[in-house]
Each structure stands twice: as C-alpha cells, then as structure tokens.
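Novice: If you want the building blocks of each chain, they are given just below.
There are 2 protein chains.
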Amino acid sequence: MEQNKRTQIAELGEFGLIDKLTGAFAPRNRTTLRGVGDDAAVIAASRSEATLVSTDLLMEGIDFDLTYFPLKHLGYKTVTVGASDILAMNALPEQLLLSLGVSSKFSVEALQEFYEGVRLACEELNIDLAGGDTTASVTGLTVNVTAIGRARRSDIVYRNGAKPNDLICITGNLGAAYMGLQLLEREKRVLHDVENPEPQFAGHEYLLEKYLKPRARRDVIAALAEEKLRPTAMIDLSDGLASDLMQLCKASDCGARIYLERIPIARQTHQLAEEMHTDPVVAALNGGQDHELLFTVPLSMQEQVMRLGLVDVIGHITQPGTECYLVTPDGSDIRLKAQGFKEEI
Amino acid sequence: MEQNKRTQIAELGEFGLIDKLTGAFAPRNRTTLRGVGDDAAVIAASRSEATLVSTDLLMEGIDFDLTYFPLKHLGYKTVTVGASDILAMNALPEQLLLSLGVSSKFSVEALQEFYEGVRLACEELNIDLAGGDTTASVTGLTVNVTAIGRARRSDIVYRNGAKPNDLICITGNLGAAYMGLQLLEREKRVLHDVENPEPQFAGHEYLLEKYLKPRARRDVIAALAEEKLRPTAMIDLSDGLASDLMQLCKASDCGARIYLERIPIARQTHQLAEEMHTDPVVAALNGGQDHELLFTVPLSMQEQVMRLGLVDVIGHITQPGTECYLVTPDGSDIRLKAQGFKEEI
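Residue numbers (full-length UniProt numbering), protein chains in the order written: chain E, 1 to 345; chain Z, 1 to 345.
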C-alpha cells in the first residue's frame, strides 16, 4: 500500500523549508518592492521612500526559558529582535506591533513587566507601539513582533549587493549572547533541586546582558548615515556568523573568506568558554542572537569605515561560484556550514 | 507578610488588558498617524497616502482545532483574518507576512497544504506574501499574520467617526461561523472513540464554509469605492456583533440601537440552532469569527447604501452618553454586553 509522503522539516532546514513553501508566490502588486528573502519586506511608500516591515515569532521553551529570563528583559529583547531587522536594511524602525499569546499562568502584573521592558527599548530606539493582538494560549507565552521602518529607497541596503573584494565588517563582538545562554542553562541544571538557589553569575554580567538584554545597533545605522557611508549588503546577526554570512553570500551570488583571528570576541566570552571547555570561535560562528550587524563595503571605503570606531573588518567577499571559508592562523581554510534551525526542531 | 499582587487576566478582559498594558505609550514619530485602538495601525506613506498594518495571532487549541480544521483551510482563513483588518479601514490589503511556529509533528507536506490555502486566498484578494519567520515550537502550530495595506489618507475609515443618527450597516449574515464551529465540536465529541468516524455534515455545508473558509469582504470595499460611499466608521466583525459594535461606539463616544428582527441570519444558521437548541440571535451577537464588516453611514446615504445590495441596515447610532441596546420585536430594550476573550482564558 502506498503511503502519503511525510518529509521531516529537519531534512530541509529553515531556509530550505522557506524556499519550498514560498516558491510558488510571485509578487503581483507594484508596491511590493522586495518580498521574501531579506531581513524585511520593502514596500513602496512614495516615489522616493519605502516602508519596511519584518516579523519575528518568539516561543517559550524554544526561544526563551522563563525559568531565568525576566519578563522585563524579554520585552526589551523582543523590541531589539524586531528593530534589528529594520536596521539591517539601513533603515530606522519607527513602529512596532506586538502579538501576545498568554496562558492563564500569567498575571496582569507579569504582562505589565513585559510591557515595561518594551517601553524602555522603544524609548531608547524612538519607536512607537502602534498596535497588536492579545489571545489566550494553551500553555506558555508566545510573542510575535512586527517592526516597521522607513527609508529613502536609494538608502536601503539589501542582502544581495555584495561584490567581490568588498570588505566584510562586523559590529560589536560575537558569541557573548551564546555564552550567556550557556551560563544560564548551566546554573539552571546545577540548581535544579536546590531550595534557595544562588546562581553564580559574578564576573559574567556582560554575557548575561548580551543574551538577556541586547541592544539594537541603531547607533551604527545613524553613524553610517552621518558619514554618508552606504554598505553594499547587510544582514542582522541573529542566526550566527556562519549562517548569516552564508545567507548574504547566497543572496549576492558570491563567496567569502573570513579570518579567524579577526573575529571580535570579548574577553568575558573567552574566559567563560575556557571555564566551560567550549570553543569561543564556535560560539561566535554558530551561537547566534548577537543582534550585531554584518555588512560589506567596497575596499575603497576601508579607511572611512574604520574611522567609525564601531566595526571590525574580518575578511572579504570572493568571486561568484566560490564558497565561504574561515581561514585559520596557520593558513588552512575551513569551509563554513550553517547551523541553527535544523538542530532545534 | 505582604504578597505581590496577582491580578488574573480574566478580571480585566481583553480590552481592559490592552488599555492597561499600552496606556503608557504615546506616539512620538510623526509618521504614526494612528496607533493602538483600531483594526490596523496607520502609518504615513506620502503626503496623501498611508500604509496600514495589522497583526493577528492564531494558536492551536485556542483559535483552531486541527482535529477537524484542514490545514489548507487554515491557511486560507489566516489570510482572511489578516485581510479583514485592512479592509475594515476602507483600504485594500496588498502584502502579508506570515510567522509560523511548528512542532516536529508537522511534516513538510502538511505545511505545504497550509501554504496552498494561503496562496489561494492571496490570489483571490490580490495579496503578495512578502516575508515571514519560521521557528520551532514545543507543541502545536502557531500562526501570526501581519497584513499590510494602502489607502489615500482621506479614504481611511476609523472606528471613531460614527455620529448620532448614522445608520448601522452589516454585510453578509451573522452567526453562521459560530454554528459551523458548534457542529464541528459536536461531531468531534460524538465520534470521539468511533473507529471509522463518519461525521454528519449534510445540509450544513454553508455553515462549515463560513467557519473554515470565510471570505474577506474585498468586494464590499471595492463596491463602496465604486459608489464613492465613505462610511463614517467601520470595524471587522471578528469578536461578535455585540462586542464589535460596543468597540465602535466606545471609540466614537456614542451609543446604538439595533433591532433584533433586522439582524441578518442565514436559514441554515436558524436550522442548526433549532436542532441544537441554541438561540441563533445569541450566535449572531456573541459568536464572532464572521469576518463581515460593520459600518455606519449618514442617514442621507440610506438609499445609496441599500442600492449596493450588499448590506442590511440593522439600527442607528445614538447620542454620546447612551449605551448599546438590542430592541426586541415586542419593543423591549436589552442592553448589550461584550463576550469573548474573558470566557476563553
């Protein structure tokens, strides 16, 4: 007997799945300037301007664990997640819509804490909470954030504009959020059946903040505008450097070479990684949730981009048909592989 | 010892909750023309046009039951839910962003069915799928739909424009979706431990379609534009006539009188309600999920609006300070009360 075909989602991975599901959709409205396949959809506003819209779903038990994630921080981080998608298009986020699915275990006061974090982040980023939806949930908390931004059409930076020899720039440092998460998970395990748990976080505050309360890099986008520097391509670092760089290269039809010793990793990340017998480079490459920006600029802009004082150049773009490689200090090339969703599900 | 205050969400209800949570947010960007409190956020596009954005969260076990909800229909209905919010602003939806949270119980083929329904509805409504997010989920399916539309600023209809003596108009008929749901729930209970269940749906196809595959009323918005008829206020009928009318009246600072015998209820709704010993008027008032439109027009437009052939006039708006009443055939007034969220949680 024939059975209906049943393909596991994990066989395709997140990006394969999205390609498969959305392949049949071709834009039909002339206001749809860019649809699926970038950090945000780009919609014509006026002749010269565009509205950018992104959506992100955060689910309890997958994207956050309320055992150690304070609701106020979760509200703050929700805004960061949404805002980062808009910033990664070289645009400024201006509005936010929030959908909340809440089970009866949450009190009004708990939700107020969440919204207090939302308010804080919105204030810092000059974003308006402009709508939302609240529904019941069988178990746990579900959050969806729709972020809306605005830019001159000519200022928008897509994932697909990188050219051979462009420099690959990274803001901030990588792997810290991942190590913060590892620390929280370790303390949760250790203190599982301790009555008055006293988690050991001393000296690791920076990592915890990078995981629990990351800041969206509005400052970087503002600085780029100030310096009249327009990247050729850009992406939000949410899935990990390896995955996000490969996404950018795939969209731009090119390869990349990045240099291991140039990847910015914080001292605290190194310290905890050593203590936990983890490789900090793996944390940087695959950890994700850094919410820093990865962008490319023409070689000719090297001096100008370094003068910002906000980025590290970690490598360069290579010809179409090439792959993405990590070059180690001893000169060997390691081909990058994407991690992420495939493991989660 | 003092305890932290813990208020149950049900004590406030959905609208009380939203007021409490979003009260501290005042718009700061001049592009935010309308924030929380209508079917969609209104964002300045150009001097004369605006972009409308809405968000809706649908959760398995709360908003749908996959025991009897085919995934293809769920995809279709998701688009209807999103599109209706934009239509209710007297605007046309043009783009859609979809977030999906999926547990490992779903195969790629199952998700393809869902997207097939999305594609169908998008085609009918001329909407582009322009982005989304896919994440894992611990259990079940979570769907968030962000709908984006466009309108001339002067064409947009808000909830708050109803004036005393305006006529209250309803498209289609009410209560059918609710009765469709009751039927599906009944068959689920009855056939709970039957090996080869054969649910009895004969004669009730219309009700099932209104629940499982409701159409967004793009035709109504197009007809209003054709006739150059601009309602004074409008709302999507998603929570039930009573709740939605009260929302509109609260926003417009007025009351209403609607007449029981004028509420459009389909023959099939009456039939099943009788069979199930339910009051069809209660289904129409509190059932929800009709995704029809409720709008008000000045008395002077009565003839014009009736000529559309798409609406029933069920009552009129009353002075500020008055409440919302249902007038029964014997002339008695029943004050309307909102149902919905409060009972769900």
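None of these hints come from the bench; they were simulated from the model.
Be careful, since some hints might not be right.
Since the list can't tell identical chains apart, any single copy or any two copies may satisfy a pair.
Unchecked claim - With a cut-off of at most 27 angstroms between alpha-carbon atoms, the simulated DSS-like pairs for lysine-lysine come out as follows:
1) LYS5 / LYS213
2) LYS5 / LYS250
3) LYS105 / LYS20
4) LYS72 / LYS337
5) LYS163 / LYS188
6) LYS5 / LYS20
7) LYS250 / LYS72
8) LYS105 / LYS5
9) LYS163 / LYS337
Since the structure is predicted, the reported quantities are computational estimates derived from the model, not experimental observations.
Novice: Given identical chains, is LYS105 near LYS20, meaning Cα to Cα at most 27 angstroms, within a copy, between copies, both, or neither?
Specialist: The answer is between: 18 angstroms across copies meets 27 angstroms, while 37 angstroms in one copy does not.
Novice: Check LYS250 against LYS72 for me: Cα-Cα at most 27 angstroms, and say if that holds within a copy, between copies, both or neither.
Specialist: Neither, since 37 angstroms and 31 angstroms both go past 27 angstroms.
Novice: Is it within, between, both, or neither for LYS72 and LYS337, if the alpha carbons may be no more than 27 angstroms apart?
Specialist: neither (35 angstroms within a copy, 34 angstroms between copies)
Novice: For LYS5 vs LYS250, is the C-alpha pair at or below 27 angstroms within one copy, between two copies, both, or neither?
Specialist: neither (29 angstroms within a copy, 52 angstroms between copies)
Novice: Is it within, between, both, or neither for LYS163 and LYS337, if the alpha carbons may be no more than 27 angstroms apart?
Specialist: This pair counts as within: shortest intra-copy Cα distance 21 angstroms, inter-copy 62 angstroms.
Novice: Check LYS5 against LYS20 for me: Cα-Cα at most 27 angstroms, and say if that holds within a copy, between copies, both or neither.
Specialist: Close inside one copy (15 angstroms), not across copies (48 angstroms); limit 27 angstroms.
Novice: Using 27 angstroms as the alpha-carbon threshold, which applies to LYS163 and LYS188: within, between, both, or neither?
Specialist: The answer is neither: 45 angstroms in one copy and 58 angstroms across copies each exceed 27 angstroms.
Novice: Could you place LYS5 and LYS213 in one of the four classes (within, between, both, neither) given a Cα distance threshold of 27 angstroms?
Specialist: between (43 angstroms within a copy, 26 angstroms between copies)
Novice: Is it within, between, both, or neither for LYS105 and LYS5, if the alpha carbons may be no more than 27 angstroms apart?
Specialist: between (39 angstroms within a copy, 14 angstroms between copies)
Hints 2, 4, 5, 7, counting from the list given before, are not met by this structure.
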